[in-house]
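Number of protein chains: 4
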Amino acid sequence: MNLQEVIDNNLAKTANGKVADYIPALGQVAPKQLGVALYNLDQNELEQAGDANVRFAIESISKVIVFLYAVKQLGLDEVTKHVGARQTGFPFNSILNLEIERAQHPLNPFINAGAIEVTSLIKPLADRQPFEQIIMFAREICHDPQITLNNEIFESEDRTGDTDRSLAYYLKANGIMQGDVTVSLTTYFKQCSMMVTAVSLANLGAVLANNGVKPWDQDRLISSRAATYAKSLMMTTGLYNESGTYSSIIGIPTKSGVGGGLMSAVPNRVGVGIFSPPLDQAGNSVAGLGALGDLSTDLKLDIFRY
Amino acid sequence: MNLQEVIDNNLAKTANGKVADYIPALGQVAPKQLGVALYNLDQNELEQAGDANVRFAIESISKVIVFLYAVKQLGLDEVTKHVGARQTGFPFNSILNLEIERAQHPLNPFINAGAIEVTSLIKPLADRQPFEQIIMFAREICHDPQITLNNEIFESEDRTGDTDRSLAYYLKANGIMQGDVTVSLTTYFKQCSMMVTAVSLANLGAVLANNGVKPWDQDRLISSRAATYAKSLMMTTGLYNESGTYSSIIGIPTKSGVGGGLMSAVPNRVGVGIFSPPLDQAGNSVAGLGALGDLSTDLKLDIFRY
Amino acid sequence: MNLQEVIDNNLAKTANGKVADYIPALGQVAPKQLGVALYNLDQNELEQAGDANVRFAIESISKVIVFLYAVKQLGLDEVTKHVGARQTGFPFNSILNLEIERAQHPLNPFINAGAIEVTSLIKPLADRQPFEQIIMFAREICHDPQITLNNEIFESEDRTGDTDRSLAYYLKANGIMQGDVTVSLTTYFKQCSMMVTAVSLANLGAVLANNGVKPWDQDRLISSRAATYAKSLMMTTGLYNESGTYSSIIGIPTKSGVGGGLMSAVPNRVGVGIFSPPLDQAGNSVAGLGALGDLSTDLKLDIFRY
Amino acid sequence: MNLQEVIDNNLAKTANGKVADYIPALGQVAPKQLGVALYNLDQNELEQAGDANVRFAIESISKVIVFLYAVKQLGLDEVTKHVGARQTGFPFNSILNLEIERAQHPLNPFINAGAIEVTSLIKPLADRQPFEQIIMFAREICHDPQITLNNEIFESEDRTGDTDRSLAYYLKANGIMQGDVTVSLTTYFKQCSMMVTAVSLANLGAVLANNGVKPWDQDRLISSRAATYAKSLMMTTGLYNESGTYSSIIGIPTKSGVGGGLMSAVPNRVGVGIFSPPLDQAGNSVAGLGALGDLSTDLKLDIFRY
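Chains as they are written, first to last, in the numbering used here: chain A, 31 to 336; chain B, 31 to 336; chain C, 31 to 336; chain D, 31 to 336.
Derived by calculation from the structure, the hints in this document are not laboratory data.
Everything numeric in this text was worked out from a predicted model, so none of it was measured.
Just to be clear, a hint being listed does not mean it is correct.
Said to hold, decoys possible - Each pair of labels, with its calculated beta carbon distance range:
1. Ala42/B with Lys153/A: 35 to 43 Å
2. Gln103/C with Pro175/B: 35 to 43 Å
3. Leu179/A with Thr190/D: 55 to 63 Å
4. Asn74/A with Gln73/B: 26 to 34 Å
5. Lys111/B with Asp210/D: 28 to 36 Å
6. Pro175/B with Asn74/A: 32 to 40 Å
7. Gln73/D with Asn74/C: 27 to 35 Å
8. Lys153/A with Thr190/D: 21 to 29 Å
Unchecked claim - When the alpha-carbon atoms are kept at most 20 Å apart in a straight line, the in silico SDA-like pairs for lysine to any residue are as follows:
9. Lys330/C with Arg255/D
10. Lys330/B with Asn298/A
11. Lys330/A with Met166/A
Quick reminder that beta carbons are idealized off the backbone N, C-alpha and C, glycines included.
The following block holds chain A by itself, in its conformation from the complex (with noise of 0.2 Å):
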């Protein structure tokens, strides 16, 4: 099955779910689209079909980037102090989790919580804002210098992240966060409005995959450690609640964003980006599980089994 078939096997399935559109913006997006991009480590080289280059709002995807530049920044030791590393089974939302737990900190970075504390983190430096060192990060991690922050869903992500906002509150009333928390949150939805294409996270997906050296020129940008628990994050807790039910029945370490996006890496063998709008109701794309099902079956991908 070359990637062609994969798409034409799976862009139906976009009948099956639904645009985001809590926000104008991502309600827009044409629903009807399936972009494939496959890193592949042993050729060096990337295929791509479908829509695979055109731009959408990366999302919860983010979270990934903005925590290997934590980690970057910071070191492992320093942002496993404030956020967990925990599975759970509630929304990535949940202020409950936190409750119930009276957790001292986040259960991990993928839930909203865990990624705005982590986001936090991030310290200016002499001449550049957390946001736009994120941007020149995720631009260097995904190849993709075109990588910009979309206006229009930002203001959008800010206006109506009343969630985020209510989450972010509850972290600092509990002392959990220390930065200021509208100054975070504005870094958060910005970095969750930059656009890419499945191509780009074909690429971040192949450096987490070759365990933090880009493949493309043979640089080490993170280190293997923070490359190996990220994804291994991605595999407990990357799919929202349905993650463990992923993982078993795909087995690809995944990160999904509500804009339609998926990110996998499978190491030491591909990057995986797919794109394909309508999501089911745990907020994943639709079609895209299915090409990433397909992908797992035909190139033999699930690590629990090869």
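Given chain A's structure and the hints, the job is docking chains B, C and D onto it.
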């Protein structure tokens, strides 16, 4: 680092945990014990060191065996109608997670509620009660004909198992459990009271690592799909509510039991069995996890890296 | 408005509720019934209208009787060591509230967990089992020697009472319940299956309203302190998780049961018994609450106003 | 027992509590203070003893005033569309109760989420902002023209009020709050920072006890229905999550505040205001509740008995 060095490097950590003492028969186990067994698929041989032949109660690791047996008897599709594969951040014996989720089935087969549900699915055969079927299967998959029921432990588990009774009646009350509560619980308490060794568990891990084929005689015992599914569950929910944490730092699909056992499976590489009674707060063997971490590093077993 | 007018004004509301049908014996009760009985302490006489002499299952209203009997036998100080007096916003059969609160005892004696705990406190006497003691006390406090156990209902309650079994084992597992679970539950299911009338309940209410002295013979049956305590509980937690709602619009200490009964006590004024089977979503009699609201307005019974 | 004896009997209990210190201005209050004021409707006169004229921050007792004012401005039917009257077993600042209940509105107006919601309903009038309206109403219902805003406390509340911000944004995110979050919170923090005395609170209690008519000038200020409703709420949810407990042993509708105030209303009998800063674990004045218990016994005020 050979296995004896792993033992030497971690034995002192037994002082950092606490032997389970909710029943007398467990509380009397000598704490300063550590045994490691490693079944290497490449060389098709089993190494062992330390207390690898000491018998101990399998406890929660039986959840893997019974899940596999239920799948063998009923098929994965049928079993997954009754129990999910979702990660959960709650303790293994939480009722709360059922009530909050208003779940139609337990989140996964490795929390107590899910395990009891799976046990209740196993049907008596003409000549064999469920537990007889289970112990025969356990002997086969562990390559250990000497696995027997410890009656003292079974009776203690049965006598003190009120939390499990509470969970089982909750399942019954909500129409989730079809079988008889008392019969199912008796079977469940018996399965927890089977006596195994680190060697038995290494053999079990080796079957999973070998995708369902027993490496010692090359016969397929369970389907590759069931083996893959089980390894994924071990990764996302095998170490109680710290599963995500250990996934991110050790990276090996593992199931623990409060008897001090750990059973791991690295796909196509090795099966591991470990025994060391003192437990951490989450209920996992302290020195056992130390030993597993050393093996992961030394043999390059982290599946998110290698 | 005389009592017949109250009946006429509310009988049609029976169409707005649903008769409890979790057990067949309850589901077969004719829905279009409404009976009201009012024991007036001023004139020391009891009025009645409609179906005030129809027998029905007391269900949760027995929680008041058994609480009073336990206090009589053991003293209020002893009983309140085992069960609190806290309001709760959760459903009566919630386990979650126990687990969240990590409570050392059930929140109050009118949720199922608390009621089962109170029942478990009652000790067998030389010649009488707990239930025999309870039914004799019920006959006395209700001034109704014809209260008997409905065996069909008891057996149904026992057969379907898995949620209560789950709660009881939770209490046992957490060291809260001292007594035997099965014995306590049998007593509990029997107490719920006593057959009363609106007249019996008006008498019970009158003893509470009269601060523990039976108005029909002027003998003290329970302490004034116990009567006061019970009326407070009826106000803060007597109508399941809508207790506060009805407190604010009716203002009369009241306990309901899913058999369709309501029992109220207005201090020094009246006792009220009502019977009408169809229930609202929270489990309270719809037409019964309509009738009680009319009585409150008409006789100026709201204790927050008069 | 005259009021001075009540003071003498309870002053030493100030040693058993802890002055609120989440903001410096509260933490600096001298702990060994106890003031009691009693407005007797029969004799239409106010007695006082001890520190009854010391000014302190009204804190949560303002929730009663603002609820009454909102009802006066919008009607009870409109207000109760936005906030329930349900008791809750959770702490006053719990978010969890909102998420578990998947509530369409906060459970009641005396938990923080409900109080903030009520505050947000108050509309600016041509010439007066909500807080100006509130403080004018407070002066009138407390018969105390000297009630002023304590700016230091307001600023501290505002600076540290992140839990309230978290709650408010949760309400906003879920479409429950219509008003502006920041504006509503500013008003809310100001209302909590009004400075009252035990005498002011006894007057407020007297208006409630007198069913909405100010006893000092016989003018009706609020409807009888609103007064009744408020007294019920004070009983079922006025003393945080120990409301039921104190209802059962004191039996007087009461609202507390962490400034050390208690405000009680016994229908048609008395209004009570108490001030004593040290609080118990639930946030209620220790010596204040001691004094209120003495008054209840001595003056026969328990509404479930007399």
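Consistency of the hints with the structure:
Taken as a hint, the range 35 to 43 Å holds for the pair Ala42/B and Lys153/A, whose Cβ atoms sit roughly 39 Å apart. For the pair Gln103/C and Pro175/B, the supplied restraint of 35 to 43 Å is violated, since their beta-carbon distance comes to about 58 Å. The hinted range of 55 to 63 Å is not satisfied by Leu179/A and Thr190/D, whose Cβ atoms lie roughly 33 Å apart. With their beta carbons about 32 Å apart, Asn74/A and Gln73/B fall inside the hinted range of 26 to 34 Å.
Distance hint for Lys111/B and Asp210/D: a CB-CB separation of about 49 Å, inconsistent with the stated range 28 to 36 Å. Separation of Pro175/B from Asn74/A is about 51 Å and departs from the stated range, judged on CB atoms against 32 to 40 Å. Between Gln73/D and Asn74/C, the C-beta spacing of about 32 Å keeps the proposed range 27 to 35 Å intact. Between Lys153/A and Thr190/D the Cβ separation comes to about 24 Å, which falls inside the hinted range of 21 to 29 Å.
Distance restraint check for Lys330/C and Arg255/D: the Cα-Cα separation of roughly 13 Å lies within the 20 Å cut-off, and the hinted pair is therefore satisfied. Of the supplied pair hints, the one linking Lys330/B and Asn298/A holds, its CA atoms being roughly 13 Å apart against a limit of 20 Å. Restraint check for Lys330/A and Met166/A: not satisfied, since their Cα atoms lie roughly 34 Å apart, outside the 20 Å limit.
Hints 2, 3, 5, 6, 11, counting from the list given before, are not met by this structure.
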